[in-house]
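Engineer: Sequence:
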Amino acid sequence: MKTLKKLSTALGLTCLMLGTFISIGTTSNRMKAHAFIPLEISYGSIANAQQYVPPNRGSRPQRTEGSGARGCTNSIPASLNLLIPKDHIARTINARPTFLWQVSAATSAPMVFTLTEARSRQPMFQKRLKADKAGIVRLELPQEAPEMAVGKEYRWTVALVCNEKRPSENINARAWIERVDNTPELTKKLAAASSDRDRALIYAKSGMWYDAMAILNKLQTTNPTERTQAMDSFISLLEQVGLNQVATVERQRRTN
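According to my numbering, the sequence shown holds residues 1 to 256 in order.
Hints may be right or wrong, so weigh each one.
Claimed, not checked - Derived Cβ-Cβ restraints for the label pairs, each shown as a range:
{"hint": "1", "residue 1": "T114", "residue 2": "A192", "range": "32 to 42 Å"}
{"hint": "2", "residue 1": "E140", "residue 2": "V180", "range": "12 to 22 Å"}
{"hint": "3", "residue 1": "Q122", "residue 2": "A191", "range": "37 to 47 Å"}
Everything labelled a hint here was simulated from the structure, so no lab data went into it. Because the structure is a prediction, the values reported are computed rather than measured. Even glycine gets a Cβ: it sits at the ideal position worked out from N, Cα and C.
Can you build the whole structure from these sequences, using the hints too?
Structural biologist: Structure below.
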């Protein structure tokens, strides 16, 4: 009888310990689940929000970089990097979009921006600029410039004119841009955006590269409350399309 009582007591303690272990393990798993799931959702949503989704169209190689300075008077060779994807024609919904590019070093050579409609030799807009400091250059088509038409492609070129008499010594970088029509879905999403940065990321997910980058670039100088997040998104999009060198320079500029 005593043996049975001892055995029963031992079994009871064992079951109690086992139950406690199971309870602790379950609680631990629940704690892990509650700690892990929100973190995963948070990071996943941020990554998706910052992702650029290219249009589903055939690619066309683009010459987005220009380097060399044989005819330039400055001692440091300058280079140009257009801030666009290299494997396809990026889009905009704006009639007068914003163009961005990077000058690697200051130069005394004048810089010329040219916009030309496809299959045309006559520029529809041209502007002469200074390249007296390194960094990102922003050019928004002014009101006096002709509007870009929906459904058409345009070639834009940036040149450092190192030698007026010998164009072969100039530094040239060129790319293409296509204007497309807005959609009711995109209009609805933009209207529901709570900030300019959100609008930029909506443009990016909708394949409107030029519009997304223009907003993020502008926010870095005009909106102190969104500056840091705008720069993070700007750099993230640069890296996504392979502009890692430009992204590195921008990241260093942020830390200075």
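Engineer: Against each hint, give a clear statement of whether it holds in the structure.
Structural biologist: Hints and how they fare:
A beta carbon spacing of about 38 Å between T114 and A192 agrees with the range 32 to 42 Å that was offered as a hint. Look at E140 against V180: about 19 Å separates their beta carbons, and that is inside 12 to 22 Å. Checked against the hint of 37 to 47 Å, the pair Q122 and A191 passes, with Cβ atoms roughly 38 Å apart.
The structure agrees with every numbered hint stated previously.
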